[in-house]
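Numbering (full-length UniProt numbering), first residue to last: 1 to 286.
Hints were generated in silico from the structure; no laboratory data involved. Mixed in with the good hints, there may be bad ones.
[Unchecked claim] Computed spacing ranges between beta-carbons, pair by pair:
#1 Val229 / Ser251: 17 to 27 Å
#2 Met264 / Val19: 30 to 40 Å
#3 Thr67 / Arg275: 54 to 64 Å
#4 Leu168 / Ser94: 23 to 33 Å
#5 Ala44 / Asp16: 26 to 36 Å
#6 Phe258 / Trp4: 48 to 58 Å
None of the values given here were measured: they were computed from a predicted structure. Don't be surprised by glycine CBs; every beta carbon is placed ideally from N, CA and C.
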Amino acid sequence: MSEWQRILWREQPFPDNYVPPSFLADLRLNSNFRPFTYWSLVGASGTLIQHICSISILLSVFIKLYTNQLDPRLLVLIITSTFIVGYALCEALSEEEGRTLRETRAKVIKSCILVFLTLIALSPVLRTLTAPTSSDSIWALSAFLLFLCLVLADFRGPSAVRKRNESLQHVLSMNAGLAASIVLCSRLSDNLSVFALVLFSLELFGLIPIFRNQLKITSSVISHSLTLVFIAIAVALQASISALATITICSVLVFAMFCAPGLMIWAQQHKNEIRGPWDVAVPIVR
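With the hints as extra help, turn the sequences into a complete structure.
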């Protein structure tokens, strides 16, 4: 009997479902797979940890504004100070120089003034926007929006961030976070508190991710230090509210930072990526 050949135009004395013994000779298993290490995953979880802490900090600030434990003027001062420090650090780490840097600085100042004036004008409207809605519905809707904010956040690595293309997920995540703060605004007592909370959420979900991506590219040490700062602030704020809230946020952070990478390491041993000559050929366009 003649040897089987991998051709269709010649009639061969083999059944249609014939499998030659050499079929798996060129099998390649996990040829493009690069195994993760535990501590590299722990370091990469910093973005997730920062976003969880951002949501926790927003809720803590809202509770303190809601119970009149925090002066909104102090919150606006903190927001302004952190923005100036963060922008100065971003500018120091930026690769832009000369005229481009001056143009960028002018655009940032114009945008900040526009945002401030817009939020001041809209604060009375935002405070009464969902005022007739019951508090139970407000809590449920804000929880759902913050969950969307977490799920849709930009968790890309440094290589993807270097491409400078803003993902749709990041925009949706930011909008969900802002929407959650706007929904919560109807429970506050004055317009200044509404202005401070919305401005704070804009900094948390709009500006800090940009600053975080800049740190991913330029300085991993500062990026990891920022994660520790977020953890300290989130835990301290929750500790000032209740012991149960402190235990909850600590449990979530420990699971996300240490347990989840361990589960990932355990799961990667079951990964099987099979490749061989039977795969569809990818055309090379020149």
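Subject >> Phe258 paired with Trp4, Cβ distance criterion 48 to 58 Å >> reply: holds (54 Å)
**OP:** May I ask you to test the hint 17 to 27 Å on the CB atoms belonging to Val229 and Ser251?
**Re:** holds (20 Å)
Original post:
Between Thr67 and Arg275, is the Cβ distance one that fits in 54 to 64 Å?
Top reply: holds (59 Å)
Original post:
In this structure, is the beta-carbon distance linking Ala44 and Asp16 contained in 26 to 36 Å?
Top reply: With a Cβ separation near 49 Å, Ala44 and Asp16 fall outside 26 to 36 Å, so the hint is violated.
Subject >> C-beta pair Leu168, Ser94: status relative to the range 23 to 33 Å that was hinted >> reply: About 25 Å separates the Cβ atoms of Leu168 and Ser94, which means 23 to 33 Å holds.
Original post:
Okay, Met264 versus Val19 on CB: inside 30 to 40 Å?
Top reply: Since Met264 and Val19 have Cβ atoms about 36 Å apart, the given range 30 to 40 Å holds.
In summary, the structure is inconsistent with hint 5 from the numbered list given earlier, while agreeing with all the others.
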